[in-house]
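Enquirer: Start from the sequences, fold in the hints, and give me the full structure.
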Amino acid sequence: MLSFMDAAQALADLTEISSQVVHVAIVDENGAVLATTIPDSGRASRFVERVATLLDEAEELRRAHGLPGLAQLEAATLEGSVFAVRRDGRVIAATTRPDPTVGLVFYDLKHCLRSIGEAPASNGAAGRTRKKSGDAA
Amino acid sequence: MPRRLMSAFMLAIGSFAGSLVYRRRMARRVERVDLYSDDGSMASIAAGSPEAERLLTLARELVSLAR
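So the protein lines, in turn, are chains A and B.
First residue of the first sequence? That's 1 in our numbering, and the numbers climb one at a time after it.
First residue of the second sequence? That's 1 in our numbering, and the numbers climb one at a time after it.
Cβ pair distances, simulated, as ranges:
1) A:GLU79 / B:PHE9: 36 to 42 Å
2) B:ALA17 / A:PRO39: 40 to 46 Å
3) B:ARG4 / A:ARG46: 55 to 61 Å
4) B:ARG4 / A:HIS65: 58 to 64 Å
5) B:MET10 / A:GLY42: 50 to 56 Å
Hints were generated in silico from the structure; no laboratory data involved.
Cβ coordinates follow ideal geometry from the N, Cα and C atoms, glycine included.
Expert: Okay, here's the thing in structure tokens:
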């Protein structure tokens, strides 16, 4: 069974390796917040509510375009991007600065979700290991 | 005189290169929504369509909430 500490550790690892991510929230299959970098609880719950609405709207859009199941999305605005990745009912959503390295952000978010699902011994064992200055590009 | 001419020439080259980089960077910053499916297919919906605007409005709220 997943503990809140596992998700918090995965989030700490993510924010350590990815300099592009501004804030992140991990939500379980019931919509409960497992971990977030947003310090204010009120803002964090509003953030998670908006993410759920964003995913609902994206589902409608996906159906309208005849795509199979939605796995991940990026909504790019001039002020920054919103990323969301779904895996086994869990969702990880992140905001970034404008013009992020899309593939790298998705990789880091997916790695974070995977590490939560893994056994504690392998938590955070693979992938990138530290922030790189190139991430800021 | 040749040195001043050379400086002016280098300044012009630098300005031109800088404007190219700036324009290329700005062109990449377009608002859009990219949806990725389980099977690896992707749909990109550019800003301007009503369906993309709903998602982009939510995305803007999320970005400002997370600041």
